[in-house]
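Student: As a plain string of letters, each chain reads:
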Amino acid sequence: MNILGISAHYHDSAAALVIDGIPVCAVQEERLSRHKGDAAFPLLAIESCLEQAGIEPDVLDAIVFYERPMLKFDRILTCALRSFPRSWRAFPKAMKNSLGEKVWVRGIISSHLGVPASKILFTEHHQSHAAAAFLTAPTRRAAILTTDAVGEWATLSVGDGERMANGSTTIRSLREIRFPHSLGMLYSTFTAYLGFKVNEDEYKVMGLAGYGRPSLIEQVRKLIRRTQDGAFALDLNYFEFHTTAERSYSSRFIELFGPPRGPGEAIDLDTAEGQRFADCAASVQRVLEDTLVEIARSLHQETGLSDLCLGGGVALNGVANARLLAESGFERVFVPPAPGDAGCAVGAALYADRIWFKNPDRDVPDHPFWGPSLEQSELARLAHEDGHVVEEFDDGALIEHVAGDLAAGRIVGWMDGALEFGPRALGHRSILAAPHTVEMRDRLNREIKYREAFRPFAPVAPVESAARYFDLPPGGARLARFMSGVFPVRREWQPRLEAITHVDGTARLQALERPMAPRLYALLEAYGRRSGMPVLLNTSFNLAGEPIVNRAVEGYSTFLRCGIDVLVAGQARVTKRALPEARTPMEKARREVA
Amino acid sequence: MDSARSQERATAFDRMLTPLHRWIWSDVGRRVQKLFRFGETETDGGRDILRAAELTTDPLLRRLYLEHAIDEFRHGVMFHRRAAALLNTVPSHSHLSFQGAWLAPGGHGLDDLQVDDESDETMLAFLHLSEKAAASRFTVYRDVMQHDPSTRAVFEEILHDETFHMNYTLTQLARVAPEDHRRHLWRARFSRLWKGYLRLATALAGVFGSVLLTIQYFILLPPFACLARRAERHEPSGWIRTSSERSGLLNRQY
Numbered sequence: 059m060n061i062l063g064i065s066a067h068y069h070d071s072a073a074a075l076v077i078d079g080i081p082v083c084a085v086q087e088e089r090l091s092r093h094k095g096d097a098a099f100p101l102l103a104i105e106s107c108l109e110q111a112g113i114e115p116d117v118l119d120a121i122v123f124y125e126r127p128m129l130k131f132d133r134i135l136t137c138a139l140r141s142f143p144r145s146w147r148a149f150p151k152a153m154k155n156s157l158g159e160k161v162w163v164r165g166i167i168s169s170h171l172g173v174p175a176s177k178i179l180f181t182e183h184h185q186s187h188a189a190a191a192f193l194t195a196p197t198r199r200a201a202i203l204t205t206d207a208v209g210e211w212a213t214l215s216v217g218d219g220e221r222m223a224n225g226s227t228t229i230r231s232l233r234e235i236r237f238p239h240s241l242g243m244l245y246s247t248f249t250a251y252l253g254f255k256v257n258e259d260e261y262k263v264m265g266l267a268g269y270g271r272p273s274l275i276e277q278v279r280k281l282i283r284r285t286q287d288g289a290f291a292l293d294l295n296y297f298e299f300h301t302t303a304e305r306s307y308s309s310r311f312i313e314l315f316g317p318p319r320g321p322g323e324a325i326d327l328d329t330a331e332g333q334r335f336a337d338c339a340a341s342v343q344r345v346l347e348d349t350l351v352e353i354a355r356s357l358h359q360e361t362g363l364s365d366l367c368l369g370g371g372v373a374l375n376g377v378a379n380a381r382l383l384a385e386s387g388f389e390r391v392f393v394p395p396a397p398g399d400a401g402c403a404v405g406a407a408l409y410a411d412r413i414w415f416k417n418p419d420r421d422v423p424d425h426p427f428w429g430p431s432l433e434q435s436e437l438a439r440l441a442h443e444d445g446h447v448v449e450e451f452d453d454g455a456l457i458e459h460v461a462g463d464l465a466a467g468r469i470v471g472w473m474d475g476a477l478e479f480g481p482r483a484l485g486h487r488s489i490l491a492a493p494h495t496v497e498m499r500d501r502l503n504r505e506i507k508y509r510e511a512f513r514p515f516a517p518v519a520p521v522e523s524a525a526r527y528f529d530l531p532p533g534g535a536r537l538a539r540f541m542s543g544v545f546p547v548r549r550e551w552q553p554r555l556e557a558i559t560h561v562d563g564t565a566r567l568q569a570l571e572r573p574m575a576p577r578l579y580a581l582l583e584a585y586g587r588r589s590g591m592p593v594l595l596n597t598s599f600n601l602a603g604e605p606i607v608n609r610a611v612e613g614y615s616t617f618l619r620c621g622i623d624v625l626v627a628g629q630a631r632v633t634k635r636a637l638p639e640a641r642t643p644m645e646k647a648r649r650e651v652a
Numbered sequence: 565m566d567s568a569r570s571q572e573r574a575t576a577f578d579r580m581l582t583p584l585h586r587w588i589w590s591d592v593g594r595r596v597q598k599l600f601r602f603g604e605t606e607t608d609g610g611r612d613i614l615r616a617a618e619l620t621t622d623p624l625l626r627r628l629y630l631e632h633a634i635d636e637f638r639h640g641v642m643f644h645r646r647a648a649a650l651l652n653t654v655p656s657h658s659h660l661s662f663q664g665a666w667l668a669p670g671g672h673g674l675d676d677l678q679v680d681d682e683s684d685e686t687m688l689a690f691l692h693l694s695e696k697a698a699a700s701r702f703t704v705y706r707d708v709m710q711h712d713p714s715t716r717a718v719f720e721e722i723l724h725d726e727t728f729h730m731n732y733t734l735t736q737l738a739r740v741a742p743e744d745h746r747r748h749l750w751r752a753r754f755s756r757l758w759k760g761y762l763r764l765a766t767a768l769a770g771v772f773g774s775v776l777l778t779i780q781y782f783i784l785l786p787p788f789a790c791l792a793r794r795a796e797r798h799e800p801s802g803w804i805r806t807s808s809e810r811s812g813l814l815n816r817q818y
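These protein sequences, in sequence, are chains A and B. The numbers in this note's numbering rise by one with no breaks, and the one at position 225 of the first sequence is 283. The numbers in this note's numbering rise by one with no breaks, and the one at position 17 of the second sequence is 581.
The hints are simulated quantities; they were obtained by calculation from the structure and are not laboratory data. Heads up, a few of these hints could be off.
[To be verified] Chain B regions said to be covered by chain A (calculated; three or more residues, Cβ under 8 Å): (1) 603-617; (2) 621-632; (3) 686-695; (4) 753-760; (5) 787-793.
[Claimed, not checked] Here are a few chain A residues that face chain B, going by a calculated C-beta distance under 7 Å: (6) Leu139; (7) Met153; (8) Arg236; (9) Glu612.
[As the list claims (entries may be wrong)] Heads up, simulated DSSO-like pairs for lysine-lysine below, C-alpha to C-alpha not over 30 Å straight-line: (10) A/Lys154 / B/Lys759; (11) A/Lys416 / A/Lys94; (12) A/Lys154 / A/Lys177; (13) A/Lys177 / A/Lys160; (14) A/Lys507 / A/Lys634; (15) A/Lys280 / B/Lys759; (16) B/Lys759 / A/Lys634; (17) B/Lys759 / A/Lys507; (18) A/Lys634 / A/Lys94; (19) A/Lys255 / A/Lys151; (20) A/Lys255 / A/Lys280; (21) A/Lys255 / A/Lys154.
Note that the structure is a prediction, hence the values are computed from the model and not measured. For each residue, glycine too, the CB sits at the ideal point set by N, CA and C.
Let the hints inform the model, and build the full structure from the sequences given.
Tutor: As structure tokens, then:
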């Protein structure tokens with residue numbers, strides 16, 4: 059049975075193809091269109107999935123959209139009515155937006171793919187999140203907690219799932235919290251207040267929180283009160299996201315926290331103003347964590363289960379995830395590599411397969427590499443054309459050369475196999491560097507990532523030796539499989555892991571098992587033999603404001619535009635040693651035409 | 565090759581608008597907003613040209629596009645830095661309701677060009693005309709910026725690059741399409757005109773739609789708003805039990 063899952067029209071569109079119960083491809087539209095956070099209908103992603111599987115749209119048995127468009131429209135219209143007449147500015151925009159495209163999803167899919175409307179199905183947004191979290195996790199029975207900004211109405215839901223011995227599967231939603239009461243919106247409101255982009259820069263708030271003290275926690279608690287039944291409710295006097303599209307927070311919010319940071323203003327943590335912003339971030343982060351831990355603890359007591367599957371955009375908050383593991387009572391916490399809306403494409407397709415069509419349960423391979431594969435020869439051809447030094451090696455020699463590069467302080471662009479699905483670079487499209495010094499961190503920020511100095515870099519280490527360098531609680535290695543948890547760096551190793559140790563002594567570790575990315579694992583071993591420490595800095599292979607690279611040519615153009623010293627794609631290794639010669643034709647051309 | 569010689573010369577239309585531009589750029593707050601927006605436009609344009617570099621099969625064009633894209637990214641940073649520096653001089657309570665965005669547009673961006681679907685010839689012709697238009701506008705902006713030497717210097721430096729971009733795109737167009745490069749230029753001109761018309765028509769339709777929807781909002785919605793508010797008062801706060809009956813059906817959108 060061939061089932062296509064689609065998520066689109068909000069942010070980070072994606073498509074995923076499930077054949078006979080197993081995902082065969084999943085890719086975000088942004089990786090192919092090269093527009094970060096592309097929310098357009100994911101035609102390129104769909105084409106890529108179908109091409110990878112070698113099938114045409116007419117052999118699809120079902121196409122599943124990740125949410126119910128009319129239920130979402132119901133929420134938008136109801137909110138406009140409830141906030142009459144304050145919503146008069148937002149209303150025309152919201153209606154044009156919804157009625158222009160978003161409610162006609164069935165027709166759009168049908169016309170784009172040429173399939174009958176009867177084949178098009180709809181899951182609920184949080185059902186998709188729940189399925190993406192539970193059906194891809196190596197667990198038979200688990201509690202499920204999904205939380206994000208908003209789907210149709212739900213903003214947080216709890217339930218459980220079971221994969222039974224007879225092959226049947228159940229996913230049960232027990233209860234939910236509805237818009238406008240939303241942990242995701244609370245966090246996004248602070249993201250906007252701190253001058254970052256909503257739905258994109260929430261992780262910057264988490265990074266900034268490390269520099270602050272939760273001294274404004276009482277003020278944040280005025281925004282969100284706990285209800286008697288253990289849920290929460292926002293005090294809407296402090297917010298405007300439910301009435302206007304222009305601003306998330308109200309004047310009362312500004313009275314409580316002070317003037318917001320303008321988008322162009324730098325955050326100087328040495329000033330009182332900079333520290334106030336960091337304290338705001340630390341305070342909302344603490345409240346988010348506390349609320350999630352209490353809800354999860356109660357869910358654990360209610361279900362008595364030992365595993366928890368987390369879904370929704372809030373599950374990208376690694377600090378909160380680590381606290382959930384430590385304090386909620388669950389022994390294992392599973393977060394998929396794409397817990398956000400992109401991952402709903404996989405979730406929707408798997409939900410339809412297991413629950414709607416009642417197909418027998420299958421184990422889903424436990425890795426994030428569902429995207430298009432790397433074309434091995436492309437890099438060598440491009441680099442030859444431009445006169446760069448290209449060397450091609452067998453695997454063993456290549457690994458030794460790259461380990462030597464890293465040990466010599468060079469920064470390596472590393473491309474290998476199929477593209478990751480989700481926001482993290484987990485070893486197939488990564489920038490790798492030695493993790494030992496602050497100078498390396500500063501160089502990466504200055505010459506490659508061009509980003510704020512307060513944002514930390516992540517490490518990758520073999521799972522077997524991760525606990526030597528990082529303080530991993532039981533279940534921590536699992537959470538670190540897809541870089542979903544933030545853990546303390548052991549004090550004795552912090553001086554040798556300066557580039558990846560955040561100001562609060564933590565790091566967002568990837569604990570790598572050999573079968574998941576054997577070449578990166580071999581590189582860690584080879585680097586460990588040289589440096590005495592099999593740990594590398596692993597950051598996503600992209601520049602600020604751009605999506606992670608997909609094809610070799612995108613890695614190559616990124617390599618040429620920044621301070622990466624060595625580029626590896628497949629068996630080819632390119633260095634910039636010949637840069638002056640390589641630039642000659644360009645300089646010549648420039649002189650000719652100038 | 566006439567276009568190449570017209571470097572750093574504003575078109576008659578842009579020159580005619582000089583008083584308007586002088587007024588728009590005279591206010592510091594407006595200048596900050598515009599420079600931030602120009603920064604974003606240049607960066608977006610840079611990304612599109614980078615995409616063209618990644619897609620072309622012509623090695624020389626790849627290198628030139630790449631150089632061009634790097635210039636655009638640098639321009640984005642220059643605009644952004646200048647805007648950030650000016651921001652410190654603007655009173656924090658200053659708020660401008662009129663930005664004059666459509667009266668004083670920024671760099672070329674790439675309008676609605678779908679880079680992935682274009683040939684090298686079309687891309688070069690389009691880039692050439694865009695750079696030429698941007699150079700013409702930036703010449704006027706530079707000239708009206710006598711009261712702000714730092715911002716003027718930014719335009720001055722960017723204009724220098726735009727001249728190179730304008731020239732290389734024309735030279736390369738003549739190389740890749742020696743027989744019919746003029747035809748490509750004319751097609752690109754008509755295409756820009758057509759897209760300009762479409763943008764204008766879409767914007768007008770948008771305004772018309774907004775007016776109609778706003779009228780409906782105030783005429784039709786009040787009774788429903790009352791009902792919605794009354795229903796809201798009866799809604800329980802906290803957890804809400806989910807209905808398995810509703811969520812179990814995948815063939816409905818509601």
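Student: Between the alpha carbons of B/Lys759 and A/Lys507, is the straight-line distance 30 Å or under?
Tutor: violated (35 Å)
Student: Take a quick look at whether A/Lys280 and B/Lys759 sit within 30 Å of each other, Cα to Cα.
Tutor: violated (50 Å)
Student: Check the hint pairing A/Lys634 with A/Lys94 against an upper bound of 30 Å on the C-alpha distance.
Tutor: Holds, because 27 Å separates the two Cα atoms, which is no more than 30 Å.
Student: Count the residues of the stretch 787-793 of chain B whose CB lies closer than 8 Å to any CB of chain A, then report whether that count reaches three.
Tutor: It holds, with 5 qualifying residues against the three required.
Student: A/Arg236 was flagged as interface toward chain B. Is the shortest Cβ-Cβ separation under 7 Å?
Tutor: holds (6 Å)
Student: Does the alpha-carbon distance linking A/Lys255 and A/Lys154 stay inside the 30 Å limit?
Tutor: holds (23 Å)
Student: Sort out whether A/Lys94 lies within 30 Å of A/Lys416, counting only the CA atoms.
Tutor: Given that 30 Å is the threshold and the Cα spacing comes to 36 Å, the pair is violated.
Student: Would the hint linking A/Lys255 and A/Lys280 be met if the CA-CA limit is 30 Å?
Tutor: holds (24 Å)
Student: Just to be careful, I want the Cα atoms of A/Lys177 and A/Lys160 compared with a cutoff of 30 Å; is the pair within it?
Tutor: holds (19 Å)
Student: Below or equal to 30 Å on CA atoms is what counts here, so check A/Lys507 against A/Lys634.
Tutor: Cα-Cα ~18 Å, so holds.
Student: Can you take a look at whether the stretch 621-632 of chain B is actually covered by chain A? Rule is 3+ residues, C-beta closer than 8 Å.
Tutor: Holds, because 7 residues of the stretch 621-632 of chain B bring their Cβ atoms closer than 8 Å to Cβ atoms of chain A.
Student: Counting residues of the stretch 686-695 of chain B with a beta carbon closer than 8 Å to any beta carbon of chain A, are there 3 or more?
Tutor: violated (count 0)
Hints 3, 4, 11, 15, 16 and 17 from the earlier list are contradicted by this structure; the remaining hints agree with it.
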